[in-house]
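Whenever a hint applies, use it, and build me the whole structure from the sequences.
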Amino acid sequence: MDASEIEFCRLAVDEAKRSKPEDNRPHPRVGVVVVKDGKVIATAHRGEHPGEHAEYIALERKLKDGSIAGATVYTTLEPCTVRKQPKIPCATRLAERKVGKVVIGTLDPNPLISGKGQLSLRERNVVTELFPEDLMREIEEINREFSRSFRVLPLQSDVSKEFIEANRKRELDRWYEVINSIYWNGNFYRGATSIFSHLVEVIGGLSSLASEKEKRWVVPQEFVAKAIAWWLALCGKAGIRSVSDLLWTKFPWVCPYCLKCPHSSEECVERKAKLEGPDWQSLGIIGDKDRTRRPHSLGEWQRMFAIIYPVQQTEDFGASFARLAEELGELAEALRIFSAVPGYFLSEAADVFAWLMHIQNLIEFKKKVSKEDRGRLIEVAFCQAYPDRCRNCGTRTCKCPPILSSTVGRIGHEVPTISGTFDFGRNFMTSDEAVLRFQLGADS
6 MDASEIEFCR
16 LAVDEAKRSK
26 PEDNRPHPRV
36 GVVVVKDGKV
46 IATAHRGEHP
56 GEHAEYIALE
66 RKLKDGSIAG
76 ATVYTTLEPC
86 TVRKQPKIPC
96 ATRLAERKVG
106 KVVIGTLDPN
116 PLISGKGQLS
126 LRERNVVTEL
136 FPEDLMREIE
146 EINREFSRSF
156 RVLPLQSDVS
166 KEFIEANRKR
176 ELDRWYEVIN
186 SIYWNGNFYR
196 GATSIFSHLV
206 EVIGGLSSLA
216 SEKEKRWVVP
226 QEFVAKAIAW
236 WLALCGKAGI
246 RSVSDLLWTK
256 FPWVCPYCLK
266 CPHSSEECVE
276 RKAKLEGPDW
286 QSLGIIGDKD
296 RTRRPHSLGE
306 WQRMFAIIYP
316 VQQTEDFGAS
326 FARLAEELGE
336 LAEALRIFSA
346 VPGYFLSEAA
356 DVFAWLMHIQ
366 NLIEFKKKVS
376 KEDRGRLIEV
386 AFCQAYPDRC
396 RNCGTRTCKC
406 PPILSSTVGR
416 IGHEVPTISG
426 TFDFGRNFMT
436 SDEAVLRFQL
446 GADS
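Going by the numbering used here, the first residue of the sequence shown is number 6, and it counts up by one from there.
Treat the hints loosely; a few may be bogus.
Pair by pair, the computed Cβ-Cβ distance ranges are [claimed, not checked]: (1) Lys103 / Lys265: 52 to 60 Å; (2) Glu27 / Lys277: 54 to 62 Å; (3) Arg142 / Met434: 51 to 59 Å; (4) Asp293 / Val440: 49 to 57 Å; (5) Ile169 / Ser199: 25 to 33 Å; (6) Lys89 / Glu150: 21 to 29 Å; (7) Glu338 / Val374: 28 to 36 Å; (8) Ile93 / Glu338: 41 to 49 Å; (9) Met434 / Ser247: 14 to 22 Å; (10) Gln286 / Thr435: 52 to 60 Å; (11) Tyr194 / Ala324: 32 to 40 Å; (12) Ala8 / Lys174: 47 to 55 Å.
Result set (EDC-like, lysine to aspartate or glutamate): computed pairs, CA atoms no more than 20 Å apart in a straight line [unchecked claim]: (13) Lys22 / Glu146; (14) Lys92 / Glu65; (15) Lys22 / Glu143; (16) Lys89 / Glu170; (17) Lys166 / Asp378; (18) Lys279 / Glu331; (19) Lys103 / Glu128; (20) Lys92 / Glu53; (21) Lys92 / Glu27; (22) Lys92 / Glu176; (23) Lys265 / Asp284; (24) Lys166 / Asp28; (25) Lys372 / Glu331; (26) Lys106 / Glu65; (27) Lys265 / Glu176; (28) Lys242 / Glu182; (29) Lys69 / Glu57.
No lab work stands behind these hints, which were simulated from the structure alone. Built from N, CA and C at the ideal position, the CB exists for glycine as well.
Structural data, given as structure tokens:
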């Protein structure tokens with residue numbers, strides 16, 4: 006990078022320092038300089054026009070009618086890749102205006118965005134470079150409060166009402182992305198069976214509703230949300246593109262067996278007695294026809310399942326958990342043969358979600374929640390449990406150890422103190438002993 010380029014970088018930093026706060030939340034201080042044929046043709050900073058990104062101000066307010074093809078844009082923060090409709094992300098806008106190069110001061114500290122802006126530009130044949138190290142450090146210093154908001158948040162802090170109201174109606178696929186982003190590091194080294202075992206563990210705790218066994222660490226409302234989160238993590242490990250597509254394929258506002266809403270128990274029993282599976286062709290036709298009715302938020306999915314499978318006046322938790330346990334067994338089988346028949350996972354994962362929704366509907370039915378308010382409880386519980394960060398360590402990307410101390414403390418009283426946790430030579434065989442014993446047993 007020559008002296009003139011360094012000077013343009015410096016000018017962008019100076020612009021960033023002029024940024025104005027939009028509200029009390031931490032926002033990045035961003036400066037942009039647009040250079041063409043060696044001359045500065047526009048500068049901008051965040052807050053120059055309230056609510057607008059610096060790149061937008063430079064490109065659309067100051068250079069809207071001018072050609073900037075081949076220009077170099079110096080921006081102190083990586084261009085964004087996500088904006089609320091109908092706004093266009095800055096990375097997309099830069100590529101559409103055919104700029105030749107974008108020089109970036111620092112990557113976005115938001116783990117859901119970091120690196121994606123630079124990658125998006127490169128994929129569109131826009132050259133990218135970084136600011137000199139000393140200027141990068143200066144940018145990080147003036148944005149330390151903004152960066153800190155993505156690294157460490159108060160442990161187990163309350164989730165604001167504003168966050169809940171703004172996000173409780175998120176689309177299910179957006180929650181799918183959030184959950185897998187928060188726990189990406191921890192789940193990266195876990196296999197699908199390990200994640201499935203976590204799902205079973207959570208549902209096991211929730212089953213206290215059926216056994217009526219009180220456990221001080223089980224709050225049913227929270228455990229339904231946890232079960233859904235582990236279900237989302239399992240789908241992420243299986244590589245599902247869209248969990249909404251997965252669910253809609255089997256439940257397009259009808260029961261997949263009798264094809265009715267509400268479903269007909271008699272017809273479902275008759276069809277299953279003949280060992281007939283879902284009529285996938287008919288379900289596809291129904292799904293295409295009624296695609297405008299497809300649910301979006303968790304609450305909408307819950308309300309749909311409440312109409313397809315209404316809670317009965319005399320229904321209790323025992324029967325529902327028995328069915329859920331059956332579906333978990335079938336999902337376990339789907340995981341066991343996943344490499345050979347991956348499509349089986351799609352069907353069984355959808356069934357497990359459907360029964361989790363039914364249990365949530367049963368909880369709300371017994372709480373006498375009105376039909377109009379169904380779904381709000383699970384939406385609020387999900388926002389409180391997963392406020393775009395881990396509630397245990399407070400970070401946007403979870404940094405918790407694989408086993409929490411609270412988990413060890415909770416189950417510690419179940420470990421026989423007379424033998425201890427490891428107890429090699431008493432209750433547990435060494436791996437060598439096991440090989441000798443079982444190999445010899447197989448030959449005898």
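Now for the hints, and whether the structure bears them out:
| no. | hint | result |
| --- | --- | --- |
| 1 | Lys103 / Lys265: 52 to 60 Å | 54 Å, holds |
| 2 | Glu27 / Lys277: 54 to 62 Å | 57 Å, holds |
| 3 | Arg142 / Met434: 51 to 59 Å | 56 Å, holds |
| 4 | Asp293 / Val440: 49 to 57 Å | 55 Å, holds |
| 5 | Ile169 / Ser199: 25 to 33 Å | 31 Å, holds |
| 6 | Lys89 / Glu150: 21 to 29 Å | 23 Å, holds |
| 7 | Glu338 / Val374: 28 to 36 Å | 35 Å, holds |
| 8 | Ile93 / Glu338: 41 to 49 Å | 46 Å, holds |
| 9 | Met434 / Ser247: 14 to 22 Å | 46 Å, violated |
| 10 | Gln286 / Thr435: 52 to 60 Å | 55 Å, holds |
| 11 | Tyr194 / Ala324: 32 to 40 Å | 38 Å, holds |
| 12 | Ala8 / Lys174: 47 to 55 Å | 52 Å, holds |
| 13 | Lys22 / Glu146 | 11 Å, holds |
| 14 | Lys92 / Glu65 | 12 Å, holds |
| 15 | Lys22 / Glu143 | 10 Å, holds |
| 16 | Lys89 / Glu170 | 16 Å, holds |
| 17 | Lys166 / Asp378 | 18 Å, holds |
| 18 | Lys279 / Glu331 | 19 Å, holds |
| 19 | Lys103 / Glu128 | 13 Å, holds |
| 20 | Lys92 / Glu53 | 18 Å, holds |
| 21 | Lys92 / Glu27 | 18 Å, holds |
| 22 | Lys92 / Glu176 | 18 Å, holds |
| 23 | Lys265 / Asp284 | 12 Å, holds |
| 24 | Lys166 / Asp28 | 17 Å, holds |
| 25 | Lys372 / Glu331 | 26 Å, violated |
| 26 | Lys106 / Glu65 | 18 Å, holds |
| 27 | Lys265 / Glu176 | 25 Å, violated |
| 28 | Lys242 / Glu182 | 12 Å, holds |
| 29 | Lys69 / Glu57 | 15 Å, holds |
Checked against the numbered hints given earlier, the structure breaks hints 9, 25, 27 and satisfies all the rest.
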